[in-house]
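Asker: Chain by chain, the residues run as shown.
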Amino acid sequence: MHELYVLARQVLLDAIEALGAHRDAIVLVGAQAVYLHVGDADLAVAPYTTDGDLVLDPAVLGQIPPLERALLDAGFLPKKADSVGVWITHRESSLSPKTEVAVDLLVPESVSPGKGRRAARLAGHDPRAARKVVGLEGALVDVDRMQLGALAEGDERVFDVQVAGPAALLVAKLLKIRDRRETTRHSDKDALDVARLLRGVETADLAERMRHLRADARSATVTREALDLLEALFGRRAAEGIEMAIRSAGGMVDADELAVSCELLARDLLDALR
Amino acid sequence: MASAIDILQERLPTGWRAEERDPPNGQASGLLVVVAPDGRRAELVLLRRDQLDPRSVLAMQVREQQRGEALPDLVVAPYLSPEVRRRLREAEIGFVDETGNLRVSLAEPGLFIEASGADKNPSPRRRPARSLAGAKAGRIVRALCERREPWGVRELAAATDTNPGYVSRMLAFLDREALVERDDRGRVTSVDWQHLVRRWAEAAPIEARGRSRLFIAPRGISTMMGHLGEAELQHAVTGSFAAARVAPVAPPRLATIYVDTADIAQRVLDLRETDTGANVLLIEPKDASVLSAATADEDGVRWAPLVQVAADLLTGPGRSPAEAEALMEWMTSNEEAWRA
Chain A
76 MHELYVLARQ
86 VLLDAIEALG
96 AHRDAIVLVG
106 AQAVYLHVGD
116 ADLAVAPYTT
126 DGDLVLDPAV
136 LGQIPPLERA
146 LLDAGFLPKK
156 ADSVGVWITH
166 RESSLSPKTE
176 VAVDLLVPES
186 VSPGKGRRAA
196 RLAGHDPRAA
206 RKVVGLEGAL
216 VDVDRMQLGA
226 LAEGDERVFD
236 VQVAGPAALL
246 VAKLLKIRDR
256 RETTRHSDKD
266 ALDVARLLRG
276 VETADLAERM
286 RHLRADARSA
296 TVTREALDLL
306 EALFGRRAAE
316 GIEMAIRSAG
326 GMVDADELAV
336 SCELLARDLL
346 DALR
Chain B
134 MASAIDILQE
144 RLPTGWRAEE
154 RDPPNGQASG
164 LLVVVAPDGR
174 RAELVLLRRD
184 QLDPRSVLAM
194 QVREQQRGEA
204 LPDLVVAPYL
214 SPEVRRRLRE
224 AEIGFVDETG
234 NLRVSLAEPG
244 LFIEASGADK
254 NPSPRRRPAR
264 SLAGAKAGRI
274 VRALCERREP
284 WGVRELAAAT
294 DTNPGYVSRM
304 LAFLDREALV
314 ERDDRGRVTS
324 VDWQHLVRRW
334 AEAAPIEARG
344 RSRLFIAPRG
354 ISTMMGHLGE
364 AELQHAVTGS
374 FAAARVAPVA
384 PPRLATIYVD
394 TADIAQRVLD
404 LRETDTGANV
414 LLIEPKDASV
424 LSAATADEDG
434 VRWAPLVQVA
444 ADLLTGPGRS
454 PAEAEALMEW
464 MTSNEEAWRA
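Protein sequence lines, in the order shown, are assigned to chains A and B.
Under this note's numbering, the first residue of the first sequence is numbered 76, with each subsequent residue one higher.
Under this note's numbering, the first residue of the second sequence is numbered 134, with each subsequent residue one higher.
Source of the hints: derived by calculation from the structure; they are not laboratory data.
Treat the hints with caution; some may be incorrect.
What the hints assert, rightly or not - Just the calculated beta-carbon pair ranges, DEER-fashion:
(1) B:ALA429 - A:HIS77: 25 to 35 Å
(2) B:ILE397 - A:THR296: 42 to 52 Å
(3) A:ASP115 - B:ARG472: 34 to 44 Å
(4) A:LEU226 - B:GLU247: 52 to 62 Å
(5) A:MET327 - B:ARG400: 22 to 32 Å
(6) B:GLY362 - A:ARG349: 27 to 37 Å
(7) B:ARG405 - A:ARG349: 47 to 57 Å
(8) A:GLY137 - B:ASP396: 55 to 65 Å
(9) A:MET327 - B:PRO242: 50 to 60 Å
(10) B:GLU247 - A:ARG255: 31 to 41 Å
(11) A:THR296 - B:ASP396: 37 to 47 Å
Claimed, not checked - Some but not every residue of chain B turned toward chain A, in silico, with C-beta under 7 Å:
(12) SER345
(13) ILE349
(14) PRO351
(15) ARG352
(16) GLY359
(17) HIS360
(18) ARG386
(19) ARG405
(20) THR409
(21) ASN412
(22) ALA459
(23) SER466
Fair warning: this is a prediction, and the values are worked out from it, not measured in the lab.
C-beta: ideal position from N, C-alpha, C; glycine also.
Go ahead and model the full structure; you've got the sequences and the hints to work with.
Answerer: So this is what it looks like as structure tokens:
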């Protein structure tokens, strides 16, 4: 296993440990959650980056200890003075004695108390401790509990954590692609994560979870938007999302095979939800 | 039809000449004198034959090694089969036939010409060579390759569900082609399995083995292979996947699988028929013994015998031939692992 995976998992566990009092309010999302569900989904492409993404549910989150206090005590720092929800720490690796690993604290926009542009403004916590993000609402509805253990030898930690389900992750990825489409920020890897989720999860399971998301008031809107995006971005083999996934796979995967498989699986899911 | 020597003369570079001379006194073979533009010349000892089989080439080499008889420089015949030409090339003997197959290699004066003519005898005078294309022939080839122990005719017929008459004719053909050695009683004592597999692959390329259809497993081939082991499905995996178990070249991108009924396999494995992006090739074999000869691994996946895998890859698409070479190399160095 790649050294950076080991490091990423270690830092993620450090953050979860530091936020121990708030464990029930935390849900793991992002690439590490995708990996926990589907592995590399039979695609020979390195599956995740070092960042850890944690969603906070304001309805469950307590006020003690303040998030910033817990993270600072555990050796995390805000990435920059004006960062919102980005906490970093440095670890030794073969790349550098001070390899930076980040953990993002995120709050779904529709449940965030903050009405400004970015800061989540959770009561009792530093307003900049967490950032609000569109599309993560599903992580509060489609949730699995999983045992998350360390990958490093000698690190015996295993935590029982909430991990966003594959439907919630699919919704989040699709909305992230949409929001970044207008900018120059690179989101090809998010499209490849969509392909992974489609390939790695049985259609019937994914459809059942999607129905659940559509039926819950917190996630109904983003889920409807995400399914429209799935149709537009992955519903035909020449669609934009499929092209992004192929770019991200960078020749490690046969382009036609990936395109046809995405189209077929996206159509299967959409048909199952009609 | 032009004589073989005429054909050679036409193929010489500008300024070169070739003239045939009668044999010197007391010698049987004629000579061909090749003259370069600058006057340098080479004398080639000719061997003229009405026909030549691979066995005769082998015999020439044996006589050279055991009795010091010189090999000819150039074999001239109305027609030379691909197998004969391959063996002549290996023995570094030049050749030319009336259909345009030609190979001449001289060190001094430096000359190299190679050209291809017919791969089939345009005027076969005797009973054509037995074909290796059929199902029965395939079973015999596999059996011969997979066992080092001598085979008797009746035993081989019983083992391959054929009849002794057929086996006997087939062995005589393989003997003429120098692909097997037999003792006085007609038992097969050794098999040139490398050449035999190649000949079999040429005669029965993978597209001839049955009805083939292309599919995509949308969740990826490794995932599909996982289901294959659990599925109640008669099957035998061949091709890149099977070769990669012992001699990996690159991650396989196409799973080639013999199945009893492709429609059932498609349903059980959730495959979709496609022309683009295919990652699974299903073949319904003409000869069901391909399925019964497969062996299951601990996950329940059934694998075609390596001899079959090599033959299938030799004529397969893309990088299959390279995978076949890697597999045959492994099979050559690890005979004890697959030859009884």
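Asker: Which of the numbered hints above does this structure break?
Answerer: 7, 10, 12, 16, 17, 22, 23
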